[in-house]
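K.L.:
What follows is each chain in one-letter form.
There are 2 protein chains.
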Amino acid sequence: MNVDSYISGFVDGEGCFCVSFQPSRRHRLGWEIRPSFSVSQNGDRAQLLYEIQKHWGCGFIRPDRSDKTLKFEVRNVRDLVEKALPHFEAFPLLSSKQLDVELFAKICTLIRNGEHRTAQGFEVIVKAAMKMNSSGKRKYTGNEILSSLTAR
Amino acid sequence: MNVDSYISGFVDGEGCFCVSFQPSRRHRLGWEIRPSFSVSQNGDRAQLLYEIQKHWGCGFIRPDRSDKTLKFEVRNVRDLVEKALPHFEAFPLLSSKQLDVELFAKICTLIRNGEHRTAQGFEVIVKAAMKMNSSGKRKYTGNEILSSLTAR
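If you're matching them up, the sequences are chains L and D in order.
Going letter by letter, the first sequence gives residues 1 to 152 in the numbering used here.
Going letter by letter, the second sequence gives residues 1 to 152 in the numbering used here.
Hints were generated in silico from the structure; no laboratory data involved.
Be careful, since some hints might not be right.
[Claimed, not checked] Covered stretches of chain D (in silico footprint by chain L; criterion: 3 or more residues with CB under 8 Å from a CB of chain L, positions within the stretch not fixed):
id	stretch
1	42-53
2	120-132
[To be verified] Far from chain L, some chain D residues (derived; all Cβ distances over 10 Å):
id	residue
3	Asn2
4	Ser24
5	Pro63
6	Asp79
7	Lys83
8	Arg112
9	Arg138
10	Ser148
11	Thr150
This one's a predicted model, so the numbers in the text were calculated from it and none came from an experiment.
Where a beta carbon is used, it is the ideal one built from N, C-alpha and C, also for glycine.
One chain only, chain L, in its complex shape (with noise of 0.2 Å):
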């Protein structure tokens, strides 16, 4: 058994890469980014969320509000960048959701390398995101966070 290619498997159907966007006084753009990496899995055989959070030395294990499982999560930019995404470049994902990966692992080296900060930094950011999860629901869209920024 390999324990890489398993969490790779797992995080396949499970995982979830996803970076939303939150209108914030305190950023100079007037909004906040906010990358995450998520899997959630019924709280009666969770034993591979530890696995994972062992394995990969990061994130946090909590209860979901919305249901009754429990969500593994990386939320720190420095251990999306230095400890969940190297694992995706060595296991990649055999399914389209790779795509999103990729994407999501651009934005996080945007992010640590403080691009986010600039308008233009911010622009590809957005843009990059909204490619993502695109079954998914957006709060809002790439032009209503675009055309509200509050610097340039």
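Add chain D to chain L, keeping to what the hints say.
P.N.:
What follows is chain D alone, placed relative to chain L:
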């Protein structure tokens, strides 16, 4: 990347080992036993379902009526015993879902050996099946089934 381990990780999240019971006049004891292994995925990233089908050399892929997913399913008992279940002996699930796999394997082996045709073997199968998927709904309880056998 180890594809076998990847498949087990994917199945840990998304797979279902299920044994259902259907009243049947064609069966001596009055019940048909239907074991199945299935795993579903959104149609736009169903590559892995075809990968598993090719890898194991069995099963069918079809649209799931209940939603917009595709489902890979193995129902043939010989295929389950000879192709699907050996995978999970070699690459067992890391979560408690492995307990379901072991009960499922026991049931499929009993059926393969024809023991479901005796009241004694049938009872062992019903009792094992009722221990599986404890979070799911069942149409008939074990007692309802066992108290209505048409032969002993």
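K.L.:
Does the structure break any of the earlier hints, and which numbers would those be?
P.N.:
Failing hints, ascending: 2, 3.
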